[in-house]
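Enquirer: Got chain A sorted already, so can you dock chain B onto it with the hints?
Chains as they are written, first to last, in this note's numbering: chain A, 1 to 283; chain B, 1 to 185.
Calculated from the structure, these hints are not laboratory results.
None of the values given here were measured: they were computed from a predicted structure.
Where hints are given, some of them may not hold.
What the hints assert, rightly or not - Here are the simulated DSSO-like pairs of lysine-lysine, each with C-alpha atoms no more than 30 Å apart in a straight line:
| # | chain 1 | residue 1 | chain 2 | residue 2 |
| --- | --- | --- | --- | --- |
| 1 | A | K118 | A | K92 |
| 2 | B | K34 | A | K198 |
| 3 | B | K181 | A | K105 |
| 4 | B | K34 | A | K279 |
| 5 | A | K235 | B | K110 |
| 6 | A | K198 | B | K63 |
| 7 | B | K153 | A | K235 |
| 8 | A | K277 | A | K235 |
| 9 | B | K117 | A | K97 |
| 10 | A | K92 | B | K177 |
| 11 | A | K209 | B | K153 |
| 12 | A | K277 | B | K153 |
| 13 | A | K92 | B | K117 |
| 14 | B | K124 | A | K97 |
| 15 | A | K198 | A | K235 |
| 16 | A | K92 | B | K124 |
| 17 | A | K105 | A | K92 |
| 18 | B | K20 | B | K117 |
| 19 | A | K198 | B | K140 |
| 20 | A | K92 | B | K181 |
| 21 | B | K20 | A | K202 |
| 22 | A | K279 | A | K263 |
| 23 | A | K136 | B | K153 |
| 24 | A | K235 | A | K168 |
| 25 | B | K63 | B | K140 |
| 26 | B | K34 | A | K209 |
| 27 | A | K202 | B | K153 |
| 28 | A | K155 | B | K34 |
| 29 | B | K140 | A | K235 |
| 30 | A | K105 | B | K20 |
| 31 | A | K97 | B | K20 |
| 32 | A | K168 | A | K266 |
| 33 | B | K153 | A | K240 |
| 34 | A | K209 | A | K277 |
| 35 | A | K198 | B | K153 |
| 36 | A | K92 | B | K20 |
What the hints assert, rightly or not - Computed footprint of chain B on chain A; a stretch qualifies when at least three of its residues, placed anywhere within it, have a C-beta under 8 Å from a C-beta of chain B:
| # | region |
| --- | --- |
| 37 | 9-18 |
| 38 | 187-196 |
Even for Gly, the Cβ is constructed at its ideal location relative to N, Cα and C.
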Amino acid sequence: MEFSYFPGCSLHGTSKEFDESVRGVTAQLGIKLHELDDWTCCGATSAHSLDEQLAIEMPARNLAIAERSDRDLLVPCANCYSRFKAAEYAVKEHDRKISFPYEGKVAIRFAMDYLCDKPVVEEVKKRIVKPLTGLKAVCYYGCLPVRPPRLTGIKNYENPTHMDGIVKALGAEALQWSYKTDCCGASLMFTRLDIFKKLTGKILVEAVKTGADCVVAGCSMCQMNLDTRQEDIEKDLGRKLGIPVLYYTELMGLAMGHPDTGKWLKRHFIDPFPMLKAKGLIQ
Amino acid sequence: MDARGQAPNNSTPLLSEIYKESGEKIQNCFQCQKCSAGCPLNFAMDILPNQLFRHIQYGHRDKVLSSNTIWLCASCHTCSTRCPNDIDIAKVMDTLRAIAHRTRAESGDKNISLFHKFFLSLTKYTGRTWEPGFALYELKSGGLGGFMGWGLKAFLRGRMGLFPGFKGGAAFRNLFKEVGKGGAR
Chain A
1 MEFSYFPGCS LHGTSKEFDE SVRGVTAQLG IKLHELDDWT CCGATSAHSL
51 DEQLAIEMPA RNLAIAERSD RDLLVPCANC YSRFKAAEYA VKEHDRKISF
101 PYEGKVAIRF AMDYLCDKPV VEEVKKRIVK PLTGLKAVCY YGCLPVRPPR
151 LTGIKNYENP THMDGIVKAL GAEALQWSYK TDCCGASLMF TRLDIFKKLT
201 GKILVEAVKT GADCVVAGCS MCQMNLDTRQ EDIEKDLGRK LGIPVLYYTE
251 LMGLAMGHPD TGKWLKRHFI DPFPMLKAKG LIQ
Chain B
1 MDARGQAPNN STPLLSEIYK ESGEKIQNCF QCQKCSAGCP LNFAMDILPN
51 QLFRHIQYGH RDKVLSSNTI WLCASCHTCS TRCPNDIDIA KVMDTLRAIA
101 HRTRAESGDK NISLFHKFFL SLTKYTGRTW EPGFALYELK SGGLGGFMGW
151 GLKAFLRGRM GLFPGFKGGA AFRNLFKEVG KGGAR
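Looking at chain B on its own, in the form it has when it is part of the complex:
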């Protein structure tokens, strides 16, 4: 019988929730730690990727969703390409971030989650990434990224567009509305 055939029916709620959303079978992880060994962000994570997977198997929901690991993951996909059990770990990180965002779990890295929320709410109105607007994020997050000085240097070299240059705003905002309603799913 194919060990990967079915989602386990005795799984924890978190395990089956992740399976349902991502199609990834975390129960196949046998703790070889290749993901954690090759992860470029491992030095900064509070829980290593392989440990995170064990916590998911045990159903430690709060620990997983409030870890900084899920936000620090830079989606480089090194782990996914090296996993001997073919688990798309980077995709699982996406799913965990989305669950944390949706359920308003306490963020393991408030600056990163704030940035993504900020990016999307800004882009919804500008249609295209409007980099000068990142200054607002800088203010909200306490100015830790040194964005202002950097932005000025980029502007002086012609590397900062002052206007987003997109005109069809209302139709684009409608896309966000449709996605929000969940009609297509």
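So here's chain A without its partners, still in its complex pose:
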């Protein structure tokens, strides 16, 4: 299987380990990724907040590049994926005119949907060298991986289970909890830290209360918010949380024995090594 690949800005910066782990596990599974030439920002929250036309043209520029090949486009970042689907929808369903040729031919595939779907999960199972036995996880989907369902096509958008499925397939336990699709505050992390900390704090406190050893995330914004601001939230709450926030791809790498897994995990603000060592899952 071959894909065109759109890493997006976050995966080249604050979510480096997501990019590395997606590339790592897809290589293990024999999936070949071709990074798009000359890709640019999807416009993110800022474009759709200020200028609707820009919010369609910025992502569509990348889709137009992807159209030059007949491969599907794999997108790990939930924000980029959502903007791509919104641009595709505007051009194809609403006949929105844009300033360059784009036909809407390329199939846009969200990495979480693809990698947590049955055919890939079956391939992953065959390659497990270290089952994640004894690891208790809560899966945190966030907003854009599931909403709006008109764009994502997710049926269980109030209680999604696909990431839970891969976590179980890897040998870990996926705990039930009520915060799967609650909002982490997204870009308010840069602008309204006071409000942001309340949203993310609620999710983290609930994860700890549920008895999870870690949160599993599949959105670069969610992981960044829950992991890198956790110490600030602990200060506000006056209590220690210390719960690692791992990408589902990192857990896949761990179970399939990818040699770089340790390197990816070292990039986290909340050190996952003590927990993983105590469970005998990493040296």
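Expert: Below, chain B alone, put in the same frame as chain A:
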């Protein structure tokens, strides 16, 4: 007759302006308050989403455009998926922000509107989000986000790219120019 068929011809200017830009029919809102009940940001908003919709129906333009509600909305789409009248509330929030931005209405949350403007003017030149550049926003907004210390920690863990890594700048800036001219619309 389909109640959702047509835009109302006796609507307020704001109501029809929003309909024209978003295609969303706010007159269908019957105040069930599901949007406000499920909104994760409701505790911080000066006007709740359902109240905002009533103000739009009444044509209270300044009150709506200067509310902090439209800027605090994090576009999580919870309201849109739960609205029994199928109003895409998150999309309406986008439209309201765009109108506020375009008409230079007084911002209900200056830091958030400044961030979005800053993000786009920076990205126009860098092609890709250039996170170290956010330090400039931090300076402009008065340093409330604690970005500098956080950025250093991210850098030390290899989570902060020093260069945007995009070369075709002029062609990308041209896209902004075309959109600005409004030729495609």
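Enquirer: Hint by hint, note whether the structure agrees.
Expert: Evaluated hints:
Taking the CA atoms of K118 of chain A and K92 of chain A, the gap is near 29 Å; set against the 30 Å cutoff, the hint holds. As the CA atoms of K34 of chain B and K198 of chain A are separated by approximately 21 Å, the hinted pair is consistent with the 30 Å bound. Annotation: proposed proximity of K181 of chain B to K105 of chain A holds, straight-line Cα distance about 27 Å (limit 30 Å). Taking the CA atoms of K34 of chain B and K279 of chain A, the gap is about 43 Å. The hint is violated against a cut of 30 Å.
Only pairs whose Cα atoms come within 30 Å are accepted, and K235 of chain A paired with K110 of chain B is accepted, the gap being roughly 26 Å. This hinted pair checks out: K198 of chain A and K63 of chain B have alpha carbons roughly 26 Å apart, not beyond 30 Å. Between K153 of chain B and K235 of chain A the alpha-carbon distance is near 17 Å, which keeps this suggested pair within the 30 Å criterion. Taken as a hint, the K277 of chain A and K235 of chain A pair is honoured in the structure, with Cα atoms around 26 Å apart against an allowance of 30 Å.
A hinted pair counts as satisfied when its Cα atoms are at most 30 Å apart, and K117 of chain B with K97 of chain A qualifies at roughly 24 Å. Straight-line distance between C-alpha atoms of K92 of chain A and K177 of chain B comes to about 24 Å, which keeps the hinted pair within the 30 Å bound. For the given pair, K209 of chain A sits about 28 Å from K153 of chain B by alpha-carbon distance, which is consistent with the 30 Å threshold. Distance restraint check for K277 of chain A and K153 of chain B: the Cα-Cα separation of roughly 24 Å lies within the 30 Å cut-off, and the hinted pair is therefore satisfied.
For the hint linking K92 of chain A to K117 of chain B, the alpha-carbon distance of about 28 Å falls within 30 Å, and the restraint holds. For the hint pairing K124 of chain B with K97 of chain A, the CA-to-CA distance comes to about 21 Å; that is within 30 Å, so the pair holds. Among the hinted pairs, K198 of chain A with K235 of chain A is consistent with the structure: their alpha-carbon atoms are about 12 Å apart, no more than 30 Å. Only pairs whose Cα atoms come within 30 Å are accepted, and K92 of chain A paired with K124 of chain B is accepted, the gap being roughly 26 Å.
With a C-alpha separation of about 10 Å, the suggested pair K105 of chain A and K92 of chain A falls inside the 30 Å cut-off, and the hint holds. Simply put, K20 of chain B and K117 of chain B have alpha-carbon atoms about 24 Å apart, close enough for the 30 Å limit, and the pair holds. Under the criterion of a C-alpha separation no larger than 30 Å, the hint pairing K198 of chain A with K140 of chain B is consistent with the structure, at around 24 Å. For the hint linking K92 of chain A to K181 of chain B, the alpha-carbon distance of about 23 Å falls within 30 Å, and the restraint holds.
Distance restraint check for K20 of chain B and K202 of chain A: the Cα-Cα separation of roughly 38 Å exceeds the 30 Å cut-off, and the hinted pair is therefore not satisfied. Annotation: proposed proximity of K279 of chain A to K263 of chain A holds, straight-line Cα distance about 19 Å (limit 30 Å). For the hint linking K136 of chain A to K153 of chain B, the alpha-carbon distance of about 28 Å falls within 30 Å, and the restraint holds. Between K235 of chain A and K168 of chain A the alpha-carbon distance is near 33 Å, which puts this suggested pair outside the 30 Å criterion.
For the suggested pair K63 of chain B and K140 of chain B, the alpha carbons sit about 26 Å apart, so the restraint of at most 30 Å is met. Taking the CA atoms of K34 of chain B and K209 of chain A, the gap is about 27 Å. The hint holds against a cut of 30 Å. Among the hinted pairs, K202 of chain A with K153 of chain B is consistent with the structure: their alpha-carbon atoms are about 24 Å apart, no more than 30 Å. Restraint check: the Cα-Cα separation between K155 of chain A and K34 of chain B comes to about 20 Å, which is no more than 30 Å; the hinted pair holds.
Between K140 of chain B and K235 of chain A the CA atoms are separated by roughly 26 Å; this keeps the pair inside 30 Å, and the hint holds. The straight-line distance between the Cα atoms of K105 of chain A and K20 of chain B is roughly 28 Å, inside the 30 Å bound, and the hint therefore holds. For the hint pairing K97 of chain A with K20 of chain B, the CA-to-CA distance comes to about 16 Å; that is within 30 Å, so the pair holds. For the suggested pair K168 of chain A and K266 of chain A, the alpha carbons sit about 24 Å apart, so the restraint of at most 30 Å is met.
This hinted pair checks out: K153 of chain B and K240 of chain A have alpha carbons roughly 19 Å apart, not beyond 30 Å. The straight-line distance between the Cα atoms of K209 of chain A and K277 of chain A is roughly 22 Å, inside the 30 Å bound, and the hint therefore holds. With a C-alpha separation of about 22 Å, the suggested pair K198 of chain A and K153 of chain B falls inside the 30 Å cut-off, and the hint holds. Between K92 of chain A and K20 of chain B the CA atoms are separated by roughly 19 Å; this keeps the pair inside 30 Å, and the hint holds.
With 8 residues carrying a beta carbon less than 8 Å from a beta carbon of chain B, the region 9-18 of chain A meets the three-residue requirement, and the given coverage holds. Counting residues of the region 187-196 of chain A whose beta carbon lies closer than 8 Å to any beta carbon of chain B gives 8, which meets the minimum of three for the stated coverage.
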